[in-house]
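Undergrad: The task is simple: from the sequences and hints, build the whole structure.
So the sequence lines, in the order shown, correspond to chains E, Y and B. For the first sequence, the positions run 1 to 167 when the working numbering is used. For the second sequence, the positions run 1 to 385 when the working numbering is used. For the third sequence, the positions run 1 to 159 when the working numbering is used.
Treat the hints as calculated values from the structure; they're not laboratory data. Glycine included, every Cβ here is placed at the ideal spot set by N, Cα and C. Hints should not be assumed to be uniformly reliable.
What the hints assert, rightly or not - One-sided and incomplete, this derived list gives chain E residues near chain Y with beta-carbon spacing under 10 angstroms:
| id | residue |
| --- | --- |
| 1 | V22 |
| 2 | T24 |
| 3 | N27 |
| 4 | W56 |
| 5 | V57 |
| 6 | L60 |
| 7 | V63 |
| 8 | G64 |
| 9 | V67 |
| 10 | L71 |
| 11 | M75 |
| 12 | T127 |
| 13 | T128 |
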Amino acid sequence: MSAQEYAFTVLAVVGGLSAIAVVTARNVVHAALYLVVTLLSVGGVYLLLGAEFVAWVQILIYVGAIVILFLFGLMLTKAPIGRDTLDNQQRWLGALVGVGVFAGLVFLIQEAFPVQDAERFETFHATTDAVGESIFRNYVLPFEAVSFLLLAALIGAIVLARKDDAS
Amino acid sequence: MDWVGWAILVVRVAIVFFGLLISVMLYIWMERKVIADMQTRVGPLRAGPRGVLITLADGIKLFFKEGITPTAADHPVYAVAPILAMFPGFLAFCVIPFGTSVTLFGREIPFQLADLNIGILWILAMTSLSVYGVVLAGWSSGSNYPLLGAVRSSAQMISYEVGMGLALVAVLMYSGTLRMSELIAAQDTVWNVIPQFPAFVVFLIGAIAETNRPPFDLAEAESELVAGFHTEYSGIKFAMFYLGEYVSTVTVAAVAVTLFLGGWRGWWPFDGAVAWIGPLLWFVLKITAVIYVLILVRATLPRMRYDRLMNFGWKVLIPFGLVWVMITGVVVVLPQEYGNRGRYIAGAVIVGAAALATLVAPLFSHRPASEAEPGGQPEGREVRA
Amino acid sequence: MLTEYLPIVAMAVLAVAFGVASLVVSRMFRPHRPNPVKLSPYECGNDPVRLPRGERFSVKFYVVAMLFIIFDIEIIFLFPWAVRFRQLGLFGLVEMAFFIGLVFVAYIYVWRAGGLDWATSVEAPADADLASDSPRDPMAAADEELAAAMHDAEVAGAR
Chain E
1 MSAQEYAFTV LAVVGGLSAI AVVTARNVVH AALYLVVTLL SVGGVYLLLG
51 AEFVAWVQIL IYVGAIVILF LFGLMLTKAP IGRDTLDNQQ RWLGALVGVG
101 VFAGLVFLIQ EAFPVQDAER FETFHATTDA VGESIFRNYV LPFEAVSFLL
151 LAALIGAIVL ARKDDAS
Chain Y
1 MDWVGWAILV VRVAIVFFGL LISVMLYIWM ERKVIADMQT RVGPLRAGPR
51 GVLITLADGI KLFFKEGITP TAADHPVYAV APILAMFPGF LAFCVIPFGT
101 SVTLFGREIP FQLADLNIGI LWILAMTSLS VYGVVLAGWS SGSNYPLLGA
151 VRSSAQMISY EVGMGLALVA VLMYSGTLRM SELIAAQDTV WNVIPQFPAF
201 VVFLIGAIAE TNRPPFDLAE AESELVAGFH TEYSGIKFAM FYLGEYVSTV
251 TVAAVAVTLF LGGWRGWWPF DGAVAWIGPL LWFVLKITAV IYVLILVRAT
301 LPRMRYDRLM NFGWKVLIPF GLVWVMITGV VVVLPQEYGN RGRYIAGAVI
351 VGAAALATLV APLFSHRPAS EAEPGGQPEG REVRA
Chain B
1 MLTEYLPIVA MAVLAVAFGV ASLVVSRMFR PHRPNPVKLS PYECGNDPVR
51 LPRGERFSVK FYVVAMLFII FDIEIIFLFP WAVRFRQLGL FGLVEMAFFI
101 GLVFVAYIYV WRAGGLDWAT SVEAPADADL ASDSPRDPMA AADEELAAAM
151 HDAEVAGAR
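TA: Here it is in structure tokens:
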């Protein structure tokens with residue numbers, strides 16, 4: 001195996017195990033921390049694929065912002081932080097759905113990007129420059145649509161957060 | 001890579017790591033001495049000549065102190081938090097070029113650990129990770145003051161991270177590269193601080209808030225929160241938070257020097273085998289100057305009130321950063337598209353936008369009617385918490 | 001490209017090793033004399049009234065985190081644009097002005113809705129409010145928590 005394959009194996013194992021730990025952890029903050037490990041290893045996989053910009057964006061946005069929002073959310077609600085446990089009786093159903101989704105994704109990805117012609121996909125190097133050129137020349141409309149999405153998300157957050165003093 | 005390459009790699013990393021530790025030791029001493037001077041005290045005096053070893057003495061003392069883990073603490077997270085607090089600073093420093101290069105054993109060794117393609121993004125990513133040390137320390141302590149301090153200061157850090165990111169974008173637009181070595185090359189004739197002075201100010205304010213230094217040290221507002229997120233920490237774990245804070249300070253100063261003050265560029269009469277000493281000295285000198293400014297700010301300004309801090313971050317720094325990014329864009333693109341005439345168009349666009357902003361500004365001057373006070377006086381209200 | 005990251009990996013390993021080593025070595029040399037009072041949560045020398053479990057923080061923090069994500073994403077889009085905007089020219093500038101403008105609309109909305117005001121909220125104090133919002137009787141809860149903490153402390157002390 002090459003060094004990259006070793007690195008991928010390590011990242012996949014660590015990411016997979018901590019993903020399992022996310023759903024089995026009995027403390028919600030610990031679950032969020034395991035999620036950080038999973039997201040970091042996903043970033044590492046992007047890096048191995050040569051998508052340097054995407055890798056660090058993954059870490060900046062998901063680890064640096066979204067999990068922080070989760071932590072704030074946990075502190076905001078009355079979810080038990082501390083050593084209390086949080087669980088319901090839906091474990092088996094949850095496991096079943098998880099396995100189903102996993103199988104579906106594996107099938108879809110194998111259909112779309114078969115392992116046999118993996119060589120075909122190795123050429124593209126997603127440098128910041130290439131990403132910029134691609135977004136701002138070829139995908140202008142989706143890019144502008146993102147700003148509408150952000151607008152909607154922000155207004156949604158405010159509507160959720162504000163007191164209903166007007167009505 | 002052969003074994004010499006590996007050995008050089010390890011030695012380079014070790015030199016940077018311990019160099020950072022030593023510089024932290026000296027800068028803490030400098031900070032205490034300068035502040036003592038400003039308050040007509042003598043400051044550290046006993047350990048070493050003029051007290052220069054005071055930080056080392058403090059470190060040794062803390063090393064042998066009893067480490068208390070409160071019963072309500074979440075043990076693994078409580079132990080990991082100090083390590084998380086100190087390592088983003090070290091990692092962010094990896095992309096900083098602190099000199100030119102030196103030729104040893106027939107190999108050219110650059111004075112920079114990693115010249116990443118995405119240098120500026122790397123710094124922003126590491127900054128965003130530094131929130132974790134604070135949040136986890138506060139949460140895992142299982143105590144009221146740390147939790148309050150952690151939530152407060154993490155909100156502060158993420159708020160000012162946006163302003164800092166906008167300043168970085170402005171520099172990036174001006175220089176057109178994310179790579180640190182090219183950034184320094186781009187400051188060949190004129191340092192970025194001159195054309196990008198507003199971005200420099202935004203960056204410096206954001207950096208002070210990110211590193212939780214006064215006047216933004218709300219994380220440890222001792223008058224209300226005891227010591228903030230590290231109230232429950234003692235001994236070596238506390239020392240690590242302290243170390244992390246100062247490593248971040250040195251790193252942030254190094255980033256400011258690299259992005260705005262020309263990095264290691266300077267004037268030096270020597271050449272040949274010792275040519276590498278000059279840039280290194282310039283780099284150290286500039287960092288010391290930036291840190292001196294940070295110390296002056298600390299010694300001069302009182303701590304900000306929390307509501308003012310957040311208001312300033314969100315209502316002043318971020319809109320200003322956005323506007324500056326757009327101004328930079330207009331000023332660079334229009335002359336490029338339309339030649340000399342573009343300069344006038346750019347000026348007209350900026351003046352027009354400013355006029356529009358003046359017209360729109362009154363919309364923000366008052367609050368919604370339900371919350372307005374009878375006197376209609378928007379400022380000067382007291383905080384309740 | 002990946003070899004560029006070797007020094008960074010080495011630095012990460014060194015920093016973590018330094019941290020772990022100093023924790024472990026310090027543990028060997030320092031005294032260890034816990035007692036229940038020493039190990040109880042800090043409350044200015046008083047008995048802790050209650051421990052932070054299941055507390056609620058002001059919703060403002062959530063709004064700030066949400067705003068932060070939005071602006072973070074905006075900055076991320078600015079990065080590839082800033083690298084490329086000289087080549088994209090006027091078209092790219094107008095494109096980005098439109099994008100920033102729309103996010104700015106959202107920002108103005110939040111401002112007008114009072115999401116950025118920290119001192120003026122009427123019911124909830126600006127900062128996290130630990131004392132209110134609890135359906136339990138505070139004093140009974142305090143006794144209960146304190147008993148639990150003291151029990152924990154005794155267990156730890158005996159260890």
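Undergrad: Now tell me if each hint is right for this structure.
TA: Results for each hint:
1. V22: violated (15 angstroms)
2. T24: violated (16 angstroms)
3. N27: holds (8 angstroms)
4. W56: holds (5 angstroms)
5. V57: holds (8 angstroms)
6. L60: Because about 5 angstroms separates L60/E from the closest Cβ in chain Y, which is inside the 10 angstroms limit, the hint holds.
7. V63: holds (7 angstroms)
8. G64: At about 3 angstroms, which falls below the 10 angstroms cut-off, the nearest Cβ of chain Y leaves the hint on G64/E intact, so it holds.
9. V67: holds (9 angstroms)
10. L71: holds (6 angstroms)
11. M75: holds (6 angstroms)
12. T127: holds (6 angstroms)
13. T128: Hint on T128/E: holds, closest Cβ of chain Y at ~6 angstroms, below 10 angstroms.
Figure legend: structure checked against the earlier numbered hints; hints not met, in rising order: 1, 2.
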